[in-house]
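Protein chains in written order, with the UniProt record's numbering: chain A, 1 to 183; chain B, 1 to 422.
You can trust all of the hints, since none of them are fake.
Every beta carbon over 12 Å from chain A, so not counted as near; a handful from chain B, in silico:
1. Val206
2. Thr227
3. Leu322
4. Phe346
5. Ser410
One side of the interface only, derived from the structure: several residues of chain B facing chain A at Cβ under 7 Å:
6. Gly179
7. Gly183
8. Pro280
None of these hints come from the bench; they were simulated from the model.
Here the structure is a predicted model, which is why all the values come from computation and not from measurement.
Where a beta carbon is used, it is the ideal one built from N, C-alpha and C, also for glycine.
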Amino acid sequence: MSQTVQSSGDHAPDENRRDFLILATTAVGVVGTGMALWPFVDSMNASKDVLALASVEVSLSNIPVGQAIKVMWRGKPVFIRHRTEREIKEADDVALNELVDPQTDDARVEKKEWLILVGVCTHLGCIPMGTATGETRGDYDGWYCPCHGSHYDTSGRIRKGPAPLNLEVPTYSFLTDTSVKIG
Amino acid sequence: MSAPVWNNKVVKWVDDRLPVFSMLHHSAYEYPTPKNLSYMWNFGSLAGFVLVTMILTGIFLVMNYTPHTDMAFDSVERIMRDVNYGWLIRYMHVNGASMFFICVYIHIFRGLYYGSYKAPREMLWWIGILILLAMMATAFMGYVLPWGQMSFWGATVITNLFSAFPIVGEPLVHWLWGGFSIGNPTLNRFFSLHYLLPFVILGLVVLHVWALHTVRSNNPTGVEAKTPQDSIPFHPYYTIKDLFGMGIFLIFFLFFVFFAPDFFGEPDNYIPANPLVTPPHIVPEWYFLPFYAILRSIDFSIFGVPAKLLGVLAMFASIVVLFVIPWLDTSKVRSSKYRPVYKWFFLILFIDCFILGYCGKKAPDDYFMGIEGLHVIVMGQLATLYYFAHFLVVMPIVGKLERPKPLPASISESVLKGGANA
Ligand code: HEM
Ligand code: FES
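Taking the hints into account, I'd like the entire structure generated from these sequences.
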């Protein structure tokens, strides 16, 4: 800009004003276009009815020790496992430095016997196997994701395979000893 | 390039105001084409034919398809059972997608072998890659529409790829889904885009042909046409050859439509989508397998970049690298016919892509071709390594070191010596 000003001597004030006008118009144009685009972009985000999806209440009374169930929450499965003493011990006995995503078992459960997880593999979103009795539970006795071979342990922590993170723990609270509210 | 003289008054009247007839005359009639094109040059027009087939069959499918998670699967079954000729229209659409990729992949390998990406055809090559990307997006979203198990889980896995990106990953995926998982909002937007993108492809094809007609066709010798003797008019010579090729192609295409309509498909997609159960073995459609193998082959992290992100980056890079090959290839010679060393590397790349495809199809822990001890994942890693090495290492180095065979002085000379039949 300064060059133009120098070379065209007495036109300088005019050109400065023109530069300013061009800049200001461009800025308004860009911001305006952005504002006009935003509703379209945002219309693709989760709508209010999707966001309003209620939390679910689950009764735990008919899950025997050593078994697990799947419930739907926000379109995804949640695993609830009634852990055995052995499974709890296995989860506690792991040294943190052996873990890909280090977390103690205590940080992942509210009551030791109840393990509650979002049943979605943190790799690319498949549902790991191991909830229904008889399904393979992988090398670490928890879950095994068939899609690309991720193994989770009895605390739902990633131990082997391409998944980067532990299975997510949803927000939940116990309403009574045998009933839990997820979400 | 003389302006045609129109005898028909109506044609002339229109052409004086909007020269559509002149344009068609230039591009499909007198377009000077090298006289030595082989059958490898048929696949561009074949791909165009398939695109039109896809758009037409698609429009008729939409008349009976319902884009809702509760009804999509049943509406496709109704197309198959109750709609008159619905089975034919759908099977043409389903197998047409495979045919489209067969044509385009042959077309791309043709370009790679004969150096059609080199100056002055870089823009032509780029537009071609953009078409490939748009096709992939279209086919991926189309595959979600029937809402079977593979539709649902394929969509889940592929959209989750974007969650690999730090910070923006998760919001981005939720935005793509329109919720917290693949659901009705996702199906609806995929349907909308699946309808839109083929027309974007059509626009890209127009640009592709425009660029082609600006720089003219390459040919098996890679030597540019120099004198009028080197070229012949497109019509009737190549119109007839393209039509003949189309006849052969239709036999191939319709064989699948009528006798093996599910040959390319996954039986699991005839099971309605179930968000609670992942099928034990998820595989993408065959045309994505090499890319899927590259994605899966990265199961290690480098410098703290997690494996998942690296895999995604490698997969995207496998296509992005194609954009820069006009500069990676340092050879002055276009056609591999005259490149005694590179020719062999090209063959390896070709085989490598099939190996990748095979690895993409198998479970990572399987043995490669039953070879004890050689896991699919390891073979996939080797094949991925070669894929990138081919473009990033072999192309620049071989181009510099190799001593090409003498080029013919012109296309005519090579034809007279019988050199075109390779
Ligand atoms: C670039 C061209 C296109 C490609 C590569 C393509 C690809 C596909 C694929 C792979 C499927 C899944 C087939 C199945 O398993 O059932 C599909 C389904 C579908 N496509 Fe396309 N498509 C194209 C163009 C179009 C167009 C232009 C329309 C509409 C105007 C359309 C409408 C549909 C509909 C309604 C379905 C769902 C019905 C079904 O699954 O058979 N497609 N497409
Ligand atoms: S989605 Fe579970 S391992 Fe890839």
